[in-house]
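**Q** Spelled out from the first residue to the last, the chains are:
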Amino acid sequence: MAQTFQFAPVTDRIAKMRDMRDAFTQGELITINTERTKLYTDYYRDHPNEHPLLKRSGAVQYWAENHEANVFDDDIIVGTPGPDERSLGVYVDNSPEWILGVIDEATFKKAWQSEGAIRMSDEQRDILADAYEVWKNISVSKMFEGAVTEDFFPAFGTGPVMNYMQGRAGRPNVFGMIQGHYVANFRKAVNTGFGEVKRQAQEKIDEHKGKVFGDWAKKHVFYHAVVRTCDAAITLSNNYAKSCREKAAATKDEKRKAELLDMADSLEWIMDKPARTYREGLQVLILYQLLLTADCQQHGQSMGRVDKYVGHLLEKDIAEGRLTMDEAQELTDAFLLRICDIMIVHGMMLNNKRVIELNENGMNAFMAIYMGMTATGGIVLTIGGSTPDGEDDCNDVTRLMLQAYGRMKVPDPTVALRIHSKTPEDIWRLGIECSKLCGGMPELLNDAVVIPSMMSWGFTHEDAADYSIVGCVEPGGTGNEWSASGNDGGNSIWNMMEAITLLINGGVSPRTGKTAVEVPKLYEYESFEQVKEAFVKLVEYCMDWTVSFTSIYELAYSQNFPCIVASTMMEGCMESGKDVTEGGAKYNRTGLTACGTSNVGDSLMAIKKLCFDDKTVSLRTLYDALQANWEGYEELRQTVINEVPHYGNDLEEVDGLSSWALEVFADSIGSKYGPRGRYCGGTFTMTAHIRFGEMIGATPDGRKAGEPIADAISPRQGFDKNGPTAYLRSAAKLPHLKLANGDQLNIRFTPSSVAGDEGAMKLKNLISTYFRLGGMQVQFNVVGTDKLYEAQKDPLNNKDLIVRIAGFSTYFVTLSEDVQNDFITRTEQAM
Amino acid sequence: MQQLTGKIYDIQGFSVQDGPGVRTTVFLKGCPLRCPWCHSPESRRFDTELNWMHIRCTGLDACGKCLGVCPRNCITRGEPTRGVTGEEISYPAVDKTDCDECGLCAKACKATALYMCGDDKTVDEVMHRIERDMPFYEDSGGGVTVSGGECLSQPAFTLELLKRCKTLSVNTAVDTTGFVRWETIEKVMPYADLFLYDLKCMDEALHERVIGVPGGLILENAVKIAEAGGSLWVRIPVMPMFNDSEEHFEKYAAFLSGIKDSIVMVQLLPYHKMGVSKYARLLTREQVFVAEPPTDELMEARKQQLEAAGLPVRIH
Numbered sequence: 001m002a003q004t005f006q007f008a009p010v011t012d013r014i015a016k017m018r019d020m021r022d023a024f025t026q027g028e029l030i031t032i033n034t035e036r037t038k039l040y041t042d043y044y045r046d047h048p049n050e051h052p053l054l055k056r057s058g059a060v061q062y063w064a065e066n067h068e069a070n071v072f073d074d075d076i077i078v079g080t081p082g083p084d085e086r087s088l089g090v091y092v093d094n095s096p097e098w099i100l101g102v103i104d105e106a107t108f109k110k111a112w113q114s115e116g117a118i119r120m121s122d123e124q125r126d127i128l129a130d131a132y133e134v135w136k137n138i139s140v141s142k143m144f145e146g147a148v149t150e151d152f153f154p155a156f157g158t159g160p161v162m163n164y165m166q167g168r169a170g171r172p173n174v175f176g177m178i179q180g181h182y183v184a185n186f187r188k189a190v191n192t193g194f195g196e197v198k199r200q201a202q203e204k205i206d207e208h209k210g211k212v213f214g215d216w217a218k219k220h221v222f223y224h225a226v227v228r229t230c231d232a233a234i235t236l237s238n239n240y241a242k243s244c245r246e247k248a249a250a251t252k253d254e255k256r257k258a259e260l261l262d263m264a265d266s267l268e269w270i271m272d273k274p275a276r277t278y279r280e281g282l283q284v285l286i287l288y289q290l291l292l293t294a295d296c297q298q299h300g301q302s303m304g305r306v307d308k309y310v311g312h313l314l315e316k317d318i319a320e321g322r323l324t325m326d327e328a329q330e331l332t333d334a335f336l337l338r339i340c341d342i343m344i345v346h347g348m349m350l351n352n353k354r355v356i357e358l359n360e361n362g363m364n365a366f367m368a369i370y371m372g373m374t375a376t377g378g379i380v381l382t383i384g385g386s387t388p389d390g391e392d393d394c395n396d397v398t399r400l401m402l403q404a405y406g407r408m409k410v411p412d413p414t415v416a417l418r419i420h421s422k423t424p425e426d427i428w429r430l431g432i433e434c435s436k437l438c439g440g441m442p443e444l445l446n447d448a449v450v451i452p453s454m455m456s457w458g459f460t461h462e463d464a465a466d467y468s469i470v471g472c473v474e475p476g477g478t479g480n481e482w483s484a485s486g487n488d489g490g491n492s493i494w495n496m497m498e499a500i501t502l503l504i505n506g507g508v509s510p511r512t513g514k515t516a517v518e519v520p521k522l523y524e525y526e527s528f529e530q531v532k533e534a535f536v537k538l539v540e541y542c543m544d545w546t547v548s549f550t551s552i553y554e555l556a557y558s559q560n561f562p563c564i565v566a567s568t569m570m571e572g573c574m575e576s577g578k579d580v581t582e583g584g585a586k587y588n589r590t591g592l593t594a595c596g597t598s599n600v601g602d603s604l605m606a607i608k609k610l611c612f613d614d615k616t617v618s619l620r621t622l623y624d625a626l627q628a629n630w631e632g633y634e635e636l637r638q639t640v641i642n643e644v645p646h647y648g649n650d651l652e653e654v655d656g657l658s659s660w661a662l663e664v665f666a667d668s669i670g671s672k673y674g675p676r677g678r679y680c681g682g683t684f685t686m687t688a689h690i691r692f693g694e695m696i697g698a699t700p701d702g703r704k705a706g707e708p709i710a711d712a713i714s715p716r717q718g719f720d721k722n723g724p725t726a727y728l729r730s731a732a733k734l735p736h737l738k739l740a741n742g743d744q745l746n747i748r749f750t751p752s753s754v755a756g757d758e759g760a761m762k763l764k765n766l767i768s769t770y771f772r773l774g775g776m777q778v779q780f781n782v783v784g785t786d787k788l789y790e791a792q793k794d795p796l797n798n799k800d801l802i803v804r805i806a807g808f809s810t811y812f813v814t815l816s817e818d819v820q821n822d823f824i825t826r827t828e829q830a831m
Numbered sequence: 001m002q003q004l005t006g007k008i009y010d011i012q013g014f015s016v017q018d019g020p021g022v023r024t025t026v027f028l029k030g031c032p033l034r035c036p037w038c039h040s041p042e043s044r045r046f047d048t049e050l051n052w053m054h055i056r057c058t059g060l061d062a063c064g065k066c067l068g069v070c071p072r073n074c075i076t077r078g079e080p081t082r083g084v085t086g087e088e089i090s091y092p093a094v095d096k097t098d099c100d101e102c103g104l105c106a107k108a109c110k111a112t113a114l115y116m117c118g119d120d121k122t123v124d125e126v127m128h129r130i131e132r133d134m135p136f137y138e139d140s141g142g143g144v145t146v147s148g149g150e151c152l153s154q155p156a157f158t159l160e161l162l163k164r165c166k167t168l169s170v171n172t173a174v175d176t177t178g179f180v181r182w183e184t185i186e187k188v189m190p191y192a193d194l195f196l197y198d199l200k201c202m203d204e205a206l207h208e209r210v211i212g213v214p215g216g217l218i219l220e221n222a223v224k225i226a227e228a229g230g231s232l233w234v235r236i237p238v239m240p241m242f243n244d245s246e247e248h249f250e251k252y253a254a255f256l257s258g259i260k261d262s263i264v265m266v267q268l269l270p271y272h273k274m275g276v277s278k279y280a281r282l283l284t285r286e287q288v289f290v291a292e293p294p295t296d297e298l299m300e301a302r303k304q305q306l307e308a309a310g311l312p313v314r315i316h
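In order, the protein sequences belong to chains C and F.
Read in order, the letters of the first sequence are residues 1 to 831 in our numbering.
Read in order, the letters of the second sequence are residues 1 to 316 in our numbering.
In case anyone wonders, no lab produced these hints; they're calculated from the structure.
Don't take each hint at face value.
27 Å max Cα-Cα, derived DSS-like pairs, lysine-lysine [as the list claims (entries may be wrong)]:
id, chain 1, residue 1, chain 2, residue 2
1, C, Lys608, F, Lys107
2, C, Lys273, C, Lys586
3, F, Lys224, C, Lys721
4, C, Lys615, F, Lys110
5, C, Lys242, C, Lys273
6, F, Lys110, C, Lys704
7, C, Lys586, C, Lys672
8, C, Lys704, F, Lys273
9, F, Lys273, C, Lys787
10, C, Lys793, F, Lys273
11, F, Lys65, C, Lys721
Full structure from sequences and hints, please.
**A** This is the structure in structure tokens:
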């Protein structure tokens, strides 16, 4: 009965390519890609006077012309961001400060040219040194700094409002993951092509030739930038075609020669014209992604509904006998591996001190960078789902994709499977089996909640039903929205527990000593209603300032760094003649996520029950206990832990308080507008819950200073005592429809409880019930606690153990110890 | 009037190994059997009893509220030792010789390191929990399993609980040792869709010697359930050196073939050591039988043996 589900084995050449991406050996095969750094630096140095739109499009064109378009031995889908097969792309545009540490002569050799290190040449060092000089005063950080006025700082940075990156810096400093978080219009790239878009842009230019009147000036420049970008796309493809022909001429293997020539023919056709075959469709997706990656360092440039873009091409290939399903599977595998190679890295990760330390500890920088998760492009694929009429919208590509993940066991790119009431049984099964092996991939999304939630933010029914997942778990429009749910990266995640901390301390931040709004101190509240009122006031204050800060950021960004590669294809931009950063796309939300759902509910519950309902503890005592970090108040802390109800156990009152807090947040943020459009709240944490925990003191939920807060909408580590059904019922009560920027439910099972046909069926049932109750998203890990401890002790023999840690999956052994421990303490379900 | 209550030591949602589909399992306390390998020793006694879980204890120096509350002086200061994270800690030393399970120490222990196992719950209270789990039963063919201990040793409560489930059309299973008067089984039969029926041993003498009660009644009841048209999901704990031999399984095969039409599943449960740590929590000197779990090969062989007799079999 407990049969084991089997994925088909991969072909030899896929196996070879897959092995290159092994968690450990990959470090040795990786290089640092400074090609784009050099090309963009040269272009910026040589064209200081160009209009930003022309500069961005000119730079990408220059990159496409000069990028070494290498084709590798086993390639059937081509395209890498740098000259090498596996390389980490570094960016200087956001902030080049990190370069100073890297180019320091004394340590460069030790960090980058010693044994076991990822290597950089002296020439690369010069490229970086040069880049620093060009970018030091014109980076995103600098331009942002130049737009932020002093009146922000009483509230922000050094003020009481805390954000992810901002906490200690106190000054705008844009690190890594700026903006991004959208789905480019890949559908149009595949099925319309850049040739046609170029023609349309040229038509607009010609219409107004010699009549650049009124507000047409900016549009004029915009359409010219579109033309340049289209040329870049076509050039890139042709350069790869050239490489294929050279490689074909050099090979003696006739079969391979024919294959390469065939690839060259395709590459000379696509990008310009619509793709004709499945392979061509996949190839366009990769090349467009490379262009987007070259354009700017953005985390979470997601690919969207790949099965929808190319499904019809596969169907046609199969019907006309051009392709077998086995060949299609191999292409799909190769396609995914090519996405794995699109790696970008946070410059801060390369600062020498850290790299040297790693080398000395026998680790390579790749592993460390991987922990920081920015090594991937944060690309998410979306598959499955329903049509606007509610019919199933899966096709054979949906199946091929799930097979590809399951048989290759790769942790990225992340994939999201859209679930609805008519999702076919075999897709469910593939999704569940794949997820067991790939540590929570695919994540599962509930169409029945996501679609109406998007419609409440102004999406048409048709566009809402076409949603994709962006970044980690955020639903976004497919090729029609600049959702920017990362906005400047620094302000995209907010710690709701900050409001609790302010609420305790009379509105004064214990971190900075600055006042947000004056509210009573914890021992001065006269009723629980008053506590709630203070919470609302504080949330409002924090959201006001967060949005204000981000608005200035968006202004600076759009004026200096338009995203022309995305705008060229994005629905709405051609029509409006405006770049996406200026609101050119059809839809324009900005996302913000709140952390601490369970801690806020538990904290409010403790105050309410102990101090107002039962009156067994005075507010003063609770306040003193918190100030003392519970030292000397262990009995009270244990009372909070064991006698006060906790979120996650299907208990109405405390679940209600968590829901209420989330609603306060979602309503507050949802009432605000940035330069492009309305804000939109969600609740997920990535790994920020650990950092956020470190930044705040003791809280009324029994948490000591520095301890992590709970991740996403999970109950606090170890506090869900009534099992998974109660946990899911609690989670289902949260206001998911208002959280259109996404939420995230992590749940971990022991392997034996979900083994075989029956286990898969029970898991499906559990998830579909959660969805029926109103849940939005689920990602589950199937791995026992003993296995995790074993992997901590013996990483080499557990290097392929993939876990889903937040919005992304990764190799468990490459995580830092605190993140590993946090993962282990999450309650394991169903013994 | 006092309401009918059951002595319950746990209720588990998403119970995946206690019958078909996703189930809620209600565990009743108290059992007439004394299986030496029992993995839930807290289910044996019929009364509420004091348990101890050292990892929850914050230490006598930080707390110490348990010292001095015991009217019978069962709790004293223990020797300093190493705690979970390696720190020095003094735990209370609990001598249960004179304990009358009054629960005062558990009440004093906010960390719930000392806690009482076994709650008196009304049928309403249990139904409240079940109703919340009901959405999870729907697609999976799941429902409620009443288990133990021996749930039929609290016959009035179990009967009432099953009746209430049936008024909501919830699928019901009774997990029993079979060591119960036939009249009791007969009463619950109309409200039990399925019996999860333990057959621990086919040898009468061995049964009595090891488990403490004769096995004849158990086999008789199984046949009677079959004859009365009940469905049986037979569970065999596969114990090394006890019932895991080929010969012993021949006896299982012969017996079960005789009631084949009533058997929906034979579930082989390999012995495991997970329950061992629970014995320390009981603070008794009771010893658990520890052995090496049966190998996968052996489990597979026994499975095939029963399958050869035409029975549906699964492991776990």
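**Q** Under the constraints set out in the numbered hints, which ones does this structure not fulfil?
**A** When the structure is compared with the hints, numbers 3, 8 turn out to be violated.
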